[in-house]
Amino acid sequence: MLTKRTQLFIDFLILVSLYFVMLYFGFNATVSSLGFMISYIFLLFYFLRY
1 MLTKRTQLFI
11 DFLILVSLYF
21 VMLYFGFNAT
31 VSSLGFMISY
41 IFLLFYFLRY
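Sequential numbering from 1 applies to the sequence shown in the numbering used here.
Errors might be hidden in some of the hints.
[Unchecked claim] Pair by pair, the computed Cβ-Cβ distance ranges are: (1) Ile41 to Phe9: 12 to 20 angstroms; (2) Phe42 to Thr3: 18 to 26 angstroms; (3) Thr3 to Tyr24: 30 to 38 angstroms; (4) Ile10 to Phe36: 12 to 20 angstroms; (5) Tyr24 to Arg49: 29 to 37 angstroms; (6) Leu44 to Thr6: 16 to 24 angstroms; (7) Tyr24 to Lys4: 24 to 32 angstroms; (8) Thr6 to Phe45: 16 to 24 angstroms; (9) Val21 to Ile41: 13 to 21 angstroms; (10) Val16 to Arg49: 17 to 25 angstroms; (11) Thr3 to Leu34: 28 to 36 angstroms; (12) Phe9 to Ile38: 16 to 24 angstroms.
No lab work stands behind these hints, which were simulated from the structure alone. Even for Gly, the Cβ is constructed at its ideal location relative to N, Cα and C.
Please construct the entire structure, taking both the sequences and the accompanying hints into account.
Okay, structure coming up:
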């Protein structure tokens, strides 16, 4: 079983990958920023959960 730190790192990589995929497909800055903020909020909830 993965440690919490390793799991968090993997989740972070997934979120960053999704963010760059959004940029690659040419979403405008507003949509990309919104997606990044949602990902950041998700990370905060993840920290609070453990």
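Taking the hints in turn, this is what the structure says about them:
Taking the beta carbon of each, Ile41 and Phe9 are about 18 angstroms apart, inside 12 to 20 angstroms as hinted. Under the hint 18 to 26 angstroms, the C-beta atoms of Phe42 and Thr3, about 20 angstroms apart, fit the expected range. Between Thr3 and Tyr24, the C-beta spacing of about 31 angstroms keeps the proposed range 30 to 38 angstroms intact. For Ile10 and Phe36, the Cβ-Cβ distance of about 18 angstroms falls inside the hinted range of 12 to 20 angstroms, so the restraint holds.
Separation of Tyr24 from Arg49 is about 30 angstroms and conforms to the stated range, judged on CB atoms against 29 to 37 angstroms. In this structure the supplied range 16 to 24 angstroms holds for Leu44 paired with Thr6, their Cβ-Cβ distance being about 19 angstroms. Roughly 30 angstroms separates the CB atoms of Tyr24 and Lys4, a value that falls within the hinted 24 to 32 angstroms. Taken as a hint, the range 16 to 24 angstroms holds for the pair Thr6 and Phe45, whose Cβ atoms sit roughly 19 angstroms apart.
In this structure the hint that Val21 and Ile41 lie 13 to 21 angstroms apart at CB holds, the actual value being about 19 angstroms. Range check, Val16 to Arg49: Cβ separation about 20 angstroms, and the 17 to 25 angstroms hint holds. The supplied range of 28 to 36 angstroms is met by Thr3 and Leu34, whose beta-carbon atoms lie about 31 angstroms from each other. A C-beta distance of roughly 19 angstroms is found between Phe9 and Ile38, which places it inside the suggested range of 16 to 24 angstroms.
The structure meets every hint from the earlier list without exception.
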